[in-house]
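Build the full structure now, drawing on both the sequences and the hints.
Here is what each chain is made of, one letter per residue.
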Amino acid sequence: MSGRSHFNFWRLMGAALMLVAVAATVLRFGGSLGASTNLSDQFPWGIWIGFDVLCGVGLAAGGFTLAATVHIFHLKRFEPIVRPAILTAFLGYGLVCLALLFDLGRPWNVWHPLVMWNPHSVMFEVGWCVTLYTTVLALEFLPLVLERFRLERARLMLRRIMIPIVILGVILSTLHQSSLGTLFLIMPQKMNALWYTPMLPILFYVSAIATGLAMTIFESWHSARAFARQLEFPLVQKLSRVLAVMIAVYLAMRFMDMSARRAWTMMDQPGTERWLFGVEIVLMAVPMLLLFREQTRKSPQAIYLCAVMYLLGFVTNRLNVGITSLERSSGVQYIPKWSEVAITLGLVAAGFAIFRVAAHHLPVFEEEVPPLPPAAWEAEASDAYSIQSGQ
Amino acid sequence: MAKAILYDSTICIGCRQCEEACAAGKNLVYDEKIAAEERLSERKLTTIRTYGERFSRKLCMHCQEPSCVSVCPVAALEKTKLGPVVYHEDRCMGCRYCMVACPFQVPVYEWNSRIPRMRKCDLCADKLVQGAVTRCSEICPVTATITGDRSEMIAEARRRLVEKPAEYYPEIYGVNEAGGTSVFILSAVPFNQIGYNTQIPKSSMPQFTWAVLQHIPQVVVVGTVLMGGIYWITSRREDVAREEGRQ
Chain A
1 MSGRSHFNFW
11 RLMGAALMLV
21 AVAATVLRFG
31 GSLGASTNLS
41 DQFPWGIWIG
51 FDVLCGVGLA
61 AGGFTLAATV
71 HIFHLKRFEP
81 IVRPAILTAF
91 LGYGLVCLAL
101 LFDLGRPWNV
111 WHPLVMWNPH
121 SVMFEVGWCV
131 TLYTTVLALE
141 FLPLVLERFR
151 LERARLMLRR
161 IMIPIVILGV
171 ILSTLHQSSL
181 GTLFLIMPQK
191 MNALWYTPML
201 PILFYVSAIA
211 TGLAMTIFES
221 WHSARAFARQ
231 LEFPLVQKLS
241 RVLAVMIAVY
251 LAMRFMDMSA
261 RRAWTMMDQP
271 GTERWLFGVE
281 IVLMAVPMLL
291 LFREQTRKSP
301 QAIYLCAVMY
311 LLGFVTNRLN
321 VGITSLERSS
331 GVQYIPKWSE
341 VAITLGLVAA
351 GFAIFRVAAH
361 HLPVFEEEVP
371 PLPPAAWEAE
381 ASDAYSIQSG
391 Q
Chain B
392 MAKAILYDST
402 ICIGCRQCEE
412 ACAAGKNLVY
422 DEKIAAEERL
432 SERKLTTIRT
442 YGERFSRKLC
452 MHCQEPSCVS
462 VCPVAALEKT
472 KLGPVVYHED
482 RCMGCRYCMV
492 ACPFQVPVYE
502 WNSRIPRMRK
512 CDLCADKLVQ
522 GAVTRCSEIC
532 PVTATITGDR
542 SEMIAEARRR
552 LVEKPAEYYP
562 EIYGVNEAGG
572 TSVFILSAVP
582 FNQIGYNTQI
592 PKSSMPQFTW
602 AVLQHIPQVV
612 VVGTVLMGGI
622 YWITSRREDV
632 AREEGRQ
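Chains as they are written, first to last, in my numbering: chain A, 1 to 391; chain B, 392 to 638.
Please keep in mind that the hints were generated in silico from the structure rather than gathered at the bench.
Here the structure is a predicted model, which is why all the values come from computation and not from measurement.
Warning: the hint list may mix true and false statements.
What follows is a set of in silico ranges between Cβ atoms, one per label pair, in the way DEER data are often shown [said to hold, decoys possible]:
1) B/635 to A/114: 43 to 51 Å
2) B/627 to A/149: 30 to 38 Å
3) B/620 to A/294: 28 to 36 Å
4) B/552 to A/25: 52 to 60 Å
5) B/480 to A/15: 39 to 47 Å
6) A/253 to B/402: 47 to 55 Å
Simulated pairs of lysine to aspartate or glutamate, DMTMM-like, Cα-Cα distance not exceeding 20 Å [to be verified]:
7) A/76 to B/630
8) B/470 to B/456
9) A/238 to A/294
10) B/417 to B/469
11) B/470 to B/480
12) B/593 to B/562
13) A/76 to B/635
14) A/337 to B/501
15) A/76 to B/634
16) B/472 to B/540
17) A/76 to B/629
18) B/470 to B/517
19) B/417 to B/433
20) B/417 to B/428
21) A/337 to A/327
With the C-beta cut set under 10 Å, the calculated list includes, among others, these residues of chain A facing chain B [what the hints assert, rightly or not]:
22) 45
23) 72
24) 113
25) 116
26) 118
27) 184
From the three backbone atoms N, C-alpha and C, an ideal C-beta is built for every residue, glycine too.
Structure below.
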C-alpha cells in the first residue's frame, strides 16, 4: 500500500539522520567545540542553544498546558490527549538535556548549578527549573509505566499526590519558559530592537502556551495517522480555537510593545533582519486568521497545516531572538557547521522514533474511561459534569 | 582599597610590550604572528589595536557590577574586593553565557581544547594581592598604562583632562560604562574612533535581569495559591454535580 511505503520512507530518513548525527557526535566529543561547530569568540551561541534549547523547551510546553487544563481546570473532555502531551514533553525535555551536553564546553560539570549557586543568574534558575520539571514530567509519565506493568498500589499512591505535582509542574514551566526570554535581557545594546524588549519573558511565556497547544494538535494528527485511530477531532477543533486566541493575544502584545518602543523604525533598516522578522510574523498571523474562520476549523487537514505554520513561526521567532538579533552587533556572520545541523536533526528524528516506540508499548492512547459517543464530546460544560458522574 | 588601571591612549606608542608581559605571565606563546592579530583570543588576553597613527588597548574592563559574574550559573566568576574579576576554572561548565552577556565582548574561549576554559585578563590578581602592579603597567616604557587605587586613577584621569584639554577628548571611558569599571581610558578622539563601544548603557547591566528575577517568589506564591484555588473550586463543582446526578 502507498501509505505503508510513505511510512517507511520517513523511518529510513530518520535512521539516516540519526546515523549522520552519530558521526557528528564523534567529531564533537572526540574533538572539541571548535572542530564540530562554527561558533567563535564573537558568536558563542549557535543553533544548539537557539534551536535545541530555546525551541525544544517551547515545543514541549504541551505537557504543562494540557496537564493544567485537565487536572487543574477540570476540563476532563481533554483527558484523552493529556498522555500524548506529557509523553511529548518528557521526551522533549530529555532531548533538550541531551542537546545541552553537546553544547556545554565541560558537559561533565552539568550538575554544578545544583550545588554551586548563583541566584542572580537566569541560567541558574533555568537549570534548576528544567531539572525539577523533568523530574515532575517523569512522575507525570510514570502512571503509564505502572499501568503497563499492572503495579496498582504504586499507581494509586502516585495518583494521590498528582495534583501538587501538576501544580508544581505548571509553576516551574511558567518560570523557565519565561526565563528563556529573560536570558537575553542583559544585552540591550547587543540585540536588534525588533526583538529586544523588557517584555521578552512574558512574550516567551505566552508563545510557549500557544506552542503547547499547536504541538498537541500536531501530535494528535500524526498519531491518528500512524496508529490508524480516530482523531480526537472535536477536541482538536476546540484546541485550534484556543490556539487562534493565544496567537492573537501574543501578536497584540508584541505589536503594542513595538509601538511603545518605536521599534517599527527598525523595519527601514536594510538587511536580513526585517525579512526574517516578517517571516516570523506572517507565519504566526496567517494561521491565526485562518483558524478564526469556521470553514478552516471544519477540516482536520487545514487545522493541522495551520498548527504547523504557527510552529514554524515560533521556531523562526526563537532562532531570531537567539541568533539573528545578535548577529549584527557581533560583527561576524554565523552559519552553522554541518555537524551542528546533524546533531539537531538527529535529536528531532530520535524524538519521533522514541515517541513511536513508547506509544506502541505504553498505554498512551488508552483512556481510563471508555470512549464516549462523538455527540457527547460536543456537550456543553454543564453536561460534561453529568457525564463525569456516570463513571 | 580597590585597584584600577588607567590607560592613556594619547601617550601609548604601540610597542606591544604589555601584550608580551601579559602572555609571559599567563604562560602563553607570544610571537610576531600573534602580535599582529589585533583582537582578543585564547592566545592573547590583551591587545593593542592600530587606528592609523593612534593606538588603543583592549582588555577586560573589570566592571564594578559585572554582567559575567551576574549571569554565571555556577558562580565561576567573582568580583574580588581588590577589583579584579577572576575566573574559577574548576566550577565552570562551559555554557559561555559570560561571553554572550559581556557588553565589552571580552571573554574568549579555548574552542579547540577538550577541557576548554574561558579566558580573559584577571588584572594580575596574583600581583595585586602582593601589593604590586599589573604586569602590563610594570613593563610599559612610557607609563601609558598605570595601576593604582581606583579613586586615585579617576582623579589622575580628571587631572590630565583639566591640565591639557587640547590633547584629550573630554571624557573618561569606563567611569560610567556599564555602571562603572576598573579600567579607565583616555583618548584624543571620540572613543568609537579607536575601537571602543560607546553604545554600552551607562548603568549597571545586571539590573536588567534582576528587575525580572526578583519577582520569582511572587510568581511562585501567587501561582500556587491561584491554581490550588482553581483546583479546589473545579473539583468541588464536580463533586456537587456528581452528588446531584446520583439523586
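Evaluated hints:
Roughly 49 Å separates the CB atoms of residue 635 of chain B and residue 114 of chain A, a value that falls within the hinted 43 to 51 Å. Between residue 627 of chain B and residue 149 of chain A the Cβ separation comes to about 34 Å, which falls inside the hinted range of 30 to 38 Å. For residue 620 of chain B and residue 294 of chain A, the hinted distance range of 28 to 36 Å is satisfied, since their beta carbons lie about 35 Å from each other. As the Cβ distance of residue 552 of chain B to residue 25 of chain A is approximately 57 Å, the hint placing it in 52 to 60 Å holds.
Distance hint check: the CB atoms of residue 480 of chain B and residue 15 of chain A are about 40 Å apart, consistent with the given range 39 to 47 Å. A hinted range of 47 to 55 Å holds for the C-beta pair residue 253 of chain A and residue 402 of chain B, which are about 53 Å apart. A distance of roughly 13 Å separates the Cα atoms of residue 76 of chain A and residue 630 of chain B; the hinted pair therefore holds under the 20 Å criterion. A C-alpha spacing of about 8 Å is found between residue 470 of chain B and residue 456 of chain B, which places the hinted pair at or below 20 Å, so the restraint holds.
For a cut-off of 20 Å, the pair hint linking residue 238 of chain A to residue 294 of chain A stands: about 11 Å separates their Cα positions. For a cut-off of 20 Å, the pair hint linking residue 417 of chain B to residue 469 of chain B stands: about 19 Å separates their Cα positions. For the proposed pair residue 470 of chain B and residue 480 of chain B, the alpha carbon gap of about 15 Å is at most 20 Å, so the pair holds. Between residue 593 of chain B and residue 562 of chain B, the direct Cα distance comes to roughly 13 Å. Compliance with the 20 Å bound is thereby established for this hinted pair.
Between residue 76 of chain A and residue 635 of chain B the CA atoms are separated by roughly 18 Å; this keeps the pair inside 20 Å, and the hint holds. About 18 Å separates the Cα atoms of residue 337 of chain A and residue 501 of chain B, which keeps this hinted pair within 20 Å; it holds. A distance of roughly 18 Å separates the Cα atoms of residue 76 of chain A and residue 634 of chain B; the hinted pair therefore holds under the 20 Å criterion. Of the pairs offered as hints, the one joining residue 472 of chain B and residue 540 of chain B holds, with about 12 Å between alpha carbons and a cut-off of 20 Å not exceeded.
A threshold of 20 Å between alpha carbons decides the hint, and for residue 76 of chain A with residue 629 of chain B the separation of about 10 Å falls inside it, so the pair holds. The straight-line distance between the Cα atoms of residue 470 of chain B and residue 517 of chain B is roughly 14 Å, inside the 20 Å bound, and the hint therefore holds. A C-alpha spacing of about 11 Å is found between residue 417 of chain B and residue 433 of chain B, which places the hinted pair at or below 20 Å, so the restraint holds. Pair hint residue 417 of chain B plus residue 428 of chain B holds up; C-alpha atoms about 18 Å apart against a cutoff of 20 Å.
Restraint check for residue 337 of chain A and residue 327 of chain A: satisfied, since their Cα atoms lie roughly 16 Å apart, inside the 20 Å limit. For residue 45 of chain A, the shortest C-beta to C-beta distance to chain B is roughly 5 Å, which falls under 10 Å, so the interface hint holds. A hinted interface residue such as residue 72 of chain A counts as satisfied when its beta carbon comes closer than 10 Å to some beta carbon of chain B; here the least separation is about 5 Å, so the hint holds. Residue-level restraint check for residue 113 of chain A holds (minimum Cβ-Cβ distance to chain B is 5 Å; threshold 10 Å).
Nearest Cβ of chain B to the Cβ of residue 116 of chain A: about 4 Å, under the 10 Å cut. The hint holds. Nearest Cβ of chain B to the Cβ of residue 118 of chain A: about 4 Å, under the 10 Å cut. The hint holds. Given the 10 Å rule on beta carbons, the hint for residue 184 of chain A holds: about 9 Å separates it from the nearest Cβ of chain B.
In terms of the numbered hints stated before, the structure departs from none.
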